[in-house]
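Participant: In case you want the letters, here they are:
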Amino acid sequence: MIRVVLTRFAWTLVILLGVSFVAFMLMRALPGDFAIAAAGSQSVSPEVLDAIRRDLGLDRPLLEQYFLWLGHALTGDLGRSFVTKQPVLSELPARFVVTFQLTLIAAIIAMTMGIATGLASARMRGRTDWFVRIYNGLILAVPNFVVATLIVLLAGLYFPQLSIFNYTPFLSDPIANLGSLLLPAFSLALAVSVTISENTRAAVLEISSQDFVMVARAKGLLPRTVLRNYLVRNALTPIITVTGLQVASLLGGSILVETIFAIPGMGQYLFDSINSRDYPVIQAIVVLAASVVILVNMLVDIAYARVDARVKA
Amino acid sequence: MSDPTLILRVRNLTARIATRKEEIHAVRGISFDIAAGEAVGFVGESGCGKSVTARAIMRLAPEGTSIALGGSVDFMGQDLLQLDEKAMRDLRGRRIAMVFQDPMTSLNPVMTIGSQIDDIVRRHTELRGRAIRQRTVELLNLVGIPNPERRADNHPHQFSGGMRQRVLIAIAISCDPDLLIADEPTTALDVTVQAQILRLLMRLREERGMSLMLITHDFGVVAGMVERVNVMYRGEIVESGSVERVFAEPAHEYTRALLHAVPRLDTAGRVL
Amino acid sequence: MSTVRAMVDTAGSQNPPADKRQRLTNGQLLLGLGIAMLAVLIIVTVFAPLIAPFDPSKTSPNSLAGPSAQHWLGTDSIGRDVLSRLIVGGRTTLLITAVAVFLALAAGLVLGLLSGYLGGMVDEIIMRVLDVVFAFPVFLLAIAVVAALGPTVPNLILTIAIVYTPAMARVVRGPVLSVKEWDHVEAARSVGVSELRLVLRHVLPMVISPIVVATSLTLSHTIFTVTALSFLGLGPPPPDPNWGGMLSEARQFMELAPLTVVGPATAIVFATLTFIVLANGLREVLDVGSWR
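Protein chains in written order, with the numbering used here: chain A, 315 to 627; chain B, 119 to 390; chain C, 6 to 297.
Possibly wrong hints are sitting among the right ones.
Taking CB as the label site, the calculated pair distances span [claimed, not checked]:
| # | chain 1 | residue 1 | chain 2 | residue 2 | range |
| --- | --- | --- | --- | --- | --- |
| 1 | B | Leu245 | C | Arg133 | 53 to 61 Å |
| 2 | B | Gly279 | A | Arg317 | 22 to 30 Å |
| 3 | A | Phe445 | B | Gln276 | 48 to 56 Å |
| 4 | C | Val51 | B | Glu203 | 32 to 40 Å |
| 5 | C | Val115 | B | Gln276 | 13 to 21 Å |
| 6 | B | Gln276 | A | Thr426 | 28 to 36 Å |
| 7 | A | Leu376 | C | Gly155 | 15 to 23 Å |
What the simulated footprint calls covered on chain C by chain A, stretch by stretch (three residues with Cβ under 8 Å from a Cβ of chain A suffice, anywhere in the stretch; the number is not a length) [said to hold, decoys possible]:
| # | stretch |
| --- | --- |
| 8 | 55–65 |
| 9 | 218–225 |
| 10 | 235–246 |
It is worth saying that the hints were derived from the structure and are not from the lab. Glycine included, C-beta positions come from ideal geometry on N, C-alpha and C.
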């Protein structure tokens, strides 16, 4: 078990290095001169550009630049925004917290909906199964940014009194905060819930045909006991794994959904930075979000290996 | 029921299994009796309908299939085929219990051994609270699990195949059933462990006066375990009689073929 | 003796026996629907300039107009015909999608076949490198690349192709590994058929089904990625229309002209749905197990 964890951990480090290297190289491969981009305008005197180059270490070999940048990044120095000239890290944490909240709520909604429909589909079969599967197929075809846009549209048309763009920080009013995140989280959760639903259905169907379920029924246990203790408890591992693997989709989607609902999270920050060509911020957010996804995937893998060892040993 | 000593009286039982793909006529009108305290063997190769017969009595179909049953299964005065599902559930595990073939897959991997016995005790007895666990530990002790108090909190993967089958037997006898159906209880086990499990089943049957329906493909298993044996072939009982008679002078050629295929226990012992 | 028909308990799930013909028909129905939807997409893409009633870039003072006999879906904020933009924009979106997936498929096919067939060190190296790319969150990677290199059509295509190559390679490699142990492949090898010939003649046909299904699913994912990038302003540059960009533009005026939102939204959903339906139909008909 320890070996599994260590191997997985080492592998994660390699991937993180790969991500950081790609992110670094991309920003150095910008069309035009990085220093000009950093200066924010074309009409800068050559002396100023030289100063910027020296300041950013652009005069050194590329690999050295990378390790320099990586060292800075690891010590919390993610560079300065081209636009505000402030350290990226002064803005990012607050943004991250908002996105974290949004994705967490979305994950809870997605799990609740997905498990409910998946269970119904697997247990009732027949017409319910048919309905759920068609619903899943349709919903899967609706991207989260379309859902979000349509929700905003419908709310604007039919519930104009609902102020959906009113993001409230958690600390100023927790209830209003949750309220303001509910619709965005729902649009983010919808497609993810379909994945969870389909996987729940498959897991429950597979477990239903296991011998221990037959034994449970031969005991004369009530159907709800069999469902809870034998089917759901065993299906939970694959369900949680699938949900964990959807973090990438949730974080990626939050970029779109935050932009649409005007939520001041990491996604909106990224969107704004793309528009203002604020490359250090883009770089920082991509590296941070990718790292979160990769770390969560690692944790899911390790947790799964642990459960698997207990089940299969 | 006419004969009070009879515990099970099956008449003209038919079972058709419908899966998503096809319909199989698995049991084609069989009739047999099991008396109180009697052990009866059902022998035949796989697919002959012996396991379906057991499932038919329990009215349990594998997931994704349904079984249409015909005939009558008279269990201590009530026709099981006429009972509603709720009544059947009350009966399963309490009056008729079953031990399955593969102990490696028959226990829930995410529940402790103890809680898998607790739940049937809670379902069918008046015991509550700590008394349930007491009963569970007693049962584990009875089937020969060492350190039952401690072992009750272990998960299935911490047990060997033989030990798991003991746990499954503990589950089956937990509510003192009148009839125990053992469907190939030793097939998946090592040869040395097989004998131990069979001896355990014998002992429990004698101690508790249960009837035993022992299903196997192996004539070697029924020898010395049961009084009477039914030989099944293609969904029908082709021969039935006392073990001694069937062994000594098999009437049906299929029985002879089966007997021939299995090394006699005495000669097998010498080979080993 | 009375004969009763007792339905046996199956823990609540009694599905009536469906015969095999019925199931096949479902798959074929789905596939037929998928092909029909695909045909619509292809026709609209190929003949876009002919079908579009107006020049998609031609502005007019008649802005944000509702649907009329002339403009079926109304006009956008600078008076361009929404329907025409939708038709021509579909061409951009779908071409990027199709070319990107084709490139990913080609690269994945080569890498997967090499990896699965040669095995050993080659397999190890290819799969490890692909694993690193695979572990990247697709959408974030695409944003980073396009933001850095600039949102041009070739950049979009290349980025998306790279991002989906590992998944394709994996889909190819799995079946190849199992297929190459099969008897007739072994037999052909023992008779001295060249390796390349073996791969092309015997291995490739066996892995076609899972690849077809995977390609279809990847197409549906790619439509999401392309339109989402465009939605964020990382799509093909204006004034050429594309669905994601249209949706994003329409957002600003959607209370005045809801149809400008509904049009591109419907188009995106329809295209995505096409490939999902197609994938499911193909999976049923070709009898491919689900893959991830």
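Participant: With reference to the structure, classify each hint as holding or not holding.
Facilitator: Hint check results:
1. Our hint of 53 to 61 Å for B/Leu245 and C/Arg133 holds, since their Cβ atoms are close to 58 Å apart.
2. Between B/Gly279 and A/Arg317 the beta carbon distance is about 27 Å. The supplied range of 22 to 30 Å therefore holds.
3. Under the hint 48 to 56 Å, the C-beta atoms of A/Phe445 and B/Gln276, about 43 Å apart, miss the expected range.
4. Distance hint for C/Val51 and B/Glu203: a CB-CB separation of about 59 Å, inconsistent with the stated range 32 to 40 Å.
5. At about 48 Å, the beta-carbon gap between C/Val115 and B/Gln276 misses the expected band of 13 to 21 Å.
6. The supplied range of 28 to 36 Å is met by B/Gln276 and A/Thr426, whose beta-carbon atoms lie about 34 Å from each other.
7. Distance hint check for A/Leu376 and C/Gly155: the Cβ-Cβ separation is about 20 Å, which falls inside the suggested range of 15 to 23 Å.
8. Counting residues of the stretch 55–65 of chain C whose beta carbon lies closer than 8 Å to any beta carbon of chain A gives 0, which falls below the threshold of three, so the coverage claim is violated.
9. Here the stretch 218–225 of chain C counts 1 residues with a CB under 8 Å from a CB of chain A, which misses the bar of 3, and the coverage is violated.
10. For the stretch 235–246 of chain C, the stated coverage by chain A is satisfied: 4 residues place a CB nearer than 8 Å to a CB of that chain, which reaches the threshold of 3.
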